[in-house]
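Residues per chain are reported as follows:
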Amino acid sequence: GAVVSQHPSRVICKSGTSVKIECRSLDFQATTMFWYRQFPKQSLMLMATSNEGSKATYEQGVEKDKFLINHASLTLSTLTVTSAHPEDSSFYICSASLGTGAEAFFGQGTRLTVV
Amino acid sequence: EDQVTQSPEALRLQEGESSSLNCSYTVSGLRGLFWYRQDPGKGPEFLFTLYSAGEEKEKERLKATLTKKESFLHITAPKPEDSATYLCAVQALSSASKIIFGSGTRLSIRP
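If you read the protein sequences in the order shown, they are chains R and U.
Residue 34 in this note's numbering is what sits at position 34 of the first sequence, and the numbering runs on without skipping anything.
Residue 5 in this note's numbering is what sits at position 5 of the second sequence, and the numbering runs on without skipping anything.
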């Protein structure tokens, strides 16, 4: 299957700072990538859809000014958590698919801890 | 509203004891239904895609089936290494590439 790489896998940051998470499709081009958040023992909650060359589409209740998404190329999308607070601590996962109707492949996830 | 419901929430089996996981869905036209496996602290790993009622797919001890309202993930003679959370997800015809996930079934296989 296709490979999606996410970096870093773990990050600890101080409250008030910003953190950037990268998501790369290694062996295919992805015009669309997705960002999810997952709380312990819960399922994946879609945060936003990242579109190459255009603005991301955010799900209801997700603050676009807090979770900045940039999809600068067909293989890279970034999620920046701005002015992070302890309640932003979570597991963030990205995914990319080969196209509409095709399965999505996921990155390894990033465990963010805000102290 | 598109919705995915998985049951049971958790399932504990003895090694070799076969069972099935259920995924019920409500979508305004199904484009595809997906099964994933997720281990703790990792991203989901793709298992199967099903597109139409009656379709079946198999991989080792796992078999996925699809009807117009639900999908089953059958696990035959499971081993401890099959312990994981199994996630079901759907993509609706109306939602482009967006995929909606169920809450998952935590499967534990005792040796």
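To be clear, the hints were calculated from the coordinates, so they are not data collected in a lab.
A virtual CB, placed ideally from N, CA and C, is assigned to each residue, including glycine.
Take the hints with a grain of salt, since some may be wrong.
Unchecked claim - Chain U is faced by these chain R residues, among others (derived, beta-carbon under 7 angstroms):
| # | residue |
| --- | --- |
| 1 | D27 |
| 2 | Q29 |
| 3 | P40 |
| 4 | S43 |
| 5 | L44 |
| 6 | H85 |
| 7 | P86 |
| 8 | T100 |
| 9 | F106 |
| 10 | G107 |
| 11 | G109 |
| 12 | T113 |
Here is what the structure says about each hint:
This hint is violated: D27(R) has a C-beta 14 angstroms from the nearest C-beta of chain U, more than the 7 angstroms allowed. Checking Q29(R) against chain U: minimum C-beta separation of about 14 angstroms lies over 7 angstroms; hint violated. The interface hint given for P40(R) is broken, as the beta carbon of that residue sits about 10 angstroms from the closest beta carbon of chain U, more than 7 angstroms. The beta carbon of S43(R) is positioned within 7 angstroms of a beta carbon in chain U (closest approach about 4 angstroms), and the interface hint is therefore held.
Given hint, L44(R) at the interface with chain U, holds; its Cβ is 5 angstroms from that chain's nearest Cβ, closer than 7 angstroms. Of the supplied interface hints, the one on H85(R) is violated, with its beta-carbon coming no nearer than about 22 angstroms to a beta-carbon of chain U, more than 7 angstroms. About 20 angstroms separates the beta-carbon of P86(R) from the nearest beta-carbon of chain U, more than 7 angstroms, and the hint is not met. With its C-beta approaching chain U no nearer than about 5 angstroms, T100(R) sits inside the 7 angstroms limit, and its interface hint holds.
With 7 angstroms as the threshold, the beta carbon of F106(R) comes within range of chain U, its nearest partner Cβ sitting at about 4 angstroms, so the hint holds. Interface restraint check: G107(R) against chain U, minimum CB-CB distance 5 angstroms, threshold 7 angstroms, status holds. Because the closest C-beta pair between G109(R) and chain U is about 5 angstroms apart, less than 7 angstroms, the hint holds. Because the beta carbon of T113(R) sits about 13 angstroms from the nearest beta carbon in chain U, more than 7 angstroms, this interface hint is broken.
Checked against the numbered hints given earlier, this structure breaks hints 1, 2, 3, 6, 7 and 12; the rest are met.
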